[in-house]
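Student: Quick note on numbering: full-length UniProt numbering labels position 66 of the sequence shown as 66, and the sequence is numbered without any gaps.
Take the hints with a grain of salt, since some may be wrong.
What the hints assert, rightly or not - Under the rule of at most 25 Å between Cα atoms (straight-line distance), these lysine-lysine pairs were calculated in the DSS-like manner:
hint: 1; residue 1: 95; residue 2: 29
hint: 2; residue 1: 95; residue 2: 151
hint: 3; residue 1: 95; residue 2: 109
Worth flagging that the hints you see were computed from the coordinates, not collected in a lab.
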Amino acid sequence: MGFFLTVLGTILAAVKTVVTNRVQVGRLKLHPLDLLLRMSPLAFIQTMIYSYLTGEMQLVQEYCKTNMNFSVFCALLLNGVIAFFLNVVSFTANKKTSALTMTVAGNVKQVLSIVLAVIIFDLSITAMNGLGIILTLAGGAWYSNVQLTEKKKSKILPGDSLLGIDKSDDLSNIKSQQ
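With these hints in hand, go ahead and build the complete structure from the sequences.
Tutor: Below, the structure is given as structure tokens:
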């Protein structure tokens, strides 16, 4: 069941990233704040339904009645503000790059979070976990290398013309023919 949920989560995250990119770059060309304005109410409704169905809503109500104070409220408010700006930055990055870049970066981020948790909490990982971490980091590095190579190929060097002919060579040939 865990493997199925992991694969489903990965597929849904990739679909969300592709759709987000298409909505911002495609026909609609929505600004990241516009996209967030339209997605937030739907996400809120979905979260409320899931929390009610799983019984988590009842736990939150109990916690608020017994343990809620000003400092907890401020911590929750700060968490919400940080999450808001994280979404704005994420949507902006998705608009500027591509859905594939965002997916690769998200996978590398998850692996680095696992590595950091292993270091901080002195956890042990199995050989299979280690192999997955290495493959993910190597894949992210490979993707970055391919992207960098493609960008370098697409740029025209300062001495080159659009046809790929060096202008200084043309001038020297003209002078030598005279």
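Student: Tell me, which hint numbers fail for this structure?
Tutor: none
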